[in-house]
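Q: Spelled out from the first residue to the last, the chains are:
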Amino acid sequence: SQTIHQWPATLVQPVGSPLSLECTVEGTSNPNLYWYRQAAGRGLQLLFYSVGIGQISSEVPQNLSASRPQDRQFILSSKKLLLSDSGFYLCAWTRTRWSEQFFGPGTRLTVL
Amino acid sequence: SQQGEEDPQALSIQEGENATMNCSYKTSINNLQWYRQNSGRGLVHLILIRSNEREKHSGRLRVTLDTSKKSSSLLITASRAADTASYFCATDSSASKIIFGSGTRLSIRP
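One line per chain: the protein sequences are A and B, in this order.
So the first sequence is numbered by the working numbering: it starts at 121 and just counts up by one.
So the second sequence is numbered by the working numbering: it starts at -5 and just counts up by one.
The hints are simulated quantities; they were obtained by calculation from the structure and are not laboratory data.
Computed from a predicted model, the values in this text were never measured in an experiment.
Treat the hints loosely; a few may be bogus.
[Claimed, not checked] Here are the simulated EDC-like pairs of lysine to aspartate or glutamate, each with C-alpha atoms no more than 20 Å apart in a straight line: (1) B:K20 - A:E179; (2) B:K64 - B:E47; (3) B:K63 - B:E47; (4) B:K63 - B:D1; (5) B:K20 - B:E47; (6) B:K50 - A:E179.
[Claimed, not checked] Just the calculated beta-carbon pair ranges, DEER-fashion: (7) A:S121 - B:E49: 28 to 38 Å; (8) B:E49 - A:Q122: 23 to 33 Å; (9) B:K50 - A:V180: 26 to 36 Å; (10) A:P225 - B:R54: 33 to 43 Å; (11) B:A76 - A:Q175: 38 to 48 Å; (12) B:P104 - A:A159: 23 to 33 Å; (13) B:P104 - A:R162: 18 to 28 Å; (14) A:P138 - B:L55: 19 to 29 Å; (15) A:L203 - B:E47: 40 to 50 Å; (16) B:N32 - A:Q133: 17 to 27 Å; (17) B:T58 - A:W127: 35 to 45 Å.
We put the beta carbon where it would ideally sit given N, CA and C, even for glycine.
Hey, can you work out the whole structure from these sequences and the hints?
A: Right under this line is the structure:
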């Protein structure tokens, strides 16, 4: 069976510090991978998606970046965090372009 | 721009009653999905309805799709306290991505 992991579960970082969130998928190959951010009580904002290794599409211009160094690994990074980067970050994967999305447990990021 | 928008934003009903949530979207779709999110957790897929389908059932869930009105509804029958969660519709777009609405927060009163 397939599983998706995200870590850490919670993170408190000072403004200006770097960020690295990792997402890995097990039990499948060549998944489509997604990073979302969710503000408190709001919907999901798509940040990045990837259809293959090294292929990243950015949806929102900001100080975040994403990388896919391996087939089932998706990393969200920032060189310098802003207060506005606080939120709940969710990773998801799909088998095909518009099929059911499977979500990880999320990372709660607080930037102080 | 947001593809799917849920209505109402918040809904509070008595346990045992039916809950209906609506989703409207703007452009043509291949399929529409509904997801559920418990507080502080990831989203869980509930049901997918294709553009050539009008109604779909899964347990206590009933989803309808009206492509002429560009709208969908999610009905939860005989609600339970455990149904308390946020519910999101999601629609596909021209690229390899799904766009989520802002969600309906459903509260079930005991």
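Q: A separate judgement is required for each hint: does it hold in the structure or not?
A: Hints and how they fare:
1. Simply put, B:K20 and A:E179 have alpha-carbon atoms about 19 Å apart, close enough for the 20 Å limit, and the pair holds.
2. Distance hint between B:K64 and B:E47 is fulfilled; the C-alpha atoms sit about 13 Å from each other, no more than 20 Å.
3. Simply put, B:K63 and B:E47 have alpha-carbon atoms about 14 Å apart, close enough for the 20 Å limit, and the pair holds.
4. Our distance criterion of 20 Å between C-alpha atoms is met by B:K63 and B:D1, whose separation comes to about 15 Å.
5. Restraint check for B:K20 and B:E47: satisfied, since their Cα atoms lie roughly 18 Å apart, inside the 20 Å limit.
6. Simply put, B:K50 and A:E179 have alpha-carbon atoms about 32 Å apart, too far for the 20 Å limit, and the pair is violated.
7. For the pair A:S121 and B:E49, the supplied restraint of 28 to 38 Å holds, since their beta-carbon distance comes to about 30 Å.
8. The beta-carbon spacing between B:E49 and A:Q122, approximately 29 Å, falls within the hinted interval of 23 to 33 Å.
9. A hinted range of 26 to 36 Å for the beta carbons of B:K50 and A:V180 is consistent with their spacing of about 32 Å.
10. A:P225 and B:R54 have their C-beta atoms about 25 Å apart, which leaves the hinted 33 to 43 Å range violated.
11. Between B:A76 and A:Q175 the beta carbon distance is about 39 Å. The supplied range of 38 to 48 Å therefore holds.
12. For B:P104 and A:A159, the hinted distance range of 23 to 33 Å is satisfied, since their beta carbons lie about 29 Å from each other.
13. As the Cβ distance of B:P104 to A:R162 is approximately 27 Å, the hint placing it in 18 to 28 Å holds.
14. Between A:P138 and B:L55 the CB atoms are about 43 Å apart, so this pair departs from the stated range of 19 to 29 Å.
15. For A:L203 and B:E47, the hinted distance range of 40 to 50 Å is satisfied, since their beta carbons lie about 44 Å from each other.
16. Between B:N32 and A:Q133 the CB atoms are about 25 Å apart, so this pair conforms to the stated range of 17 to 27 Å.
17. Against the hinted window of 35 to 45 Å, the Cβ-Cβ separation of B:T58 and A:W127 comes to about 39 Å, which satisfies the hint.
Checked against the numbered hints above, the structure violates hints 6, 10, 14; every other hint is satisfied.
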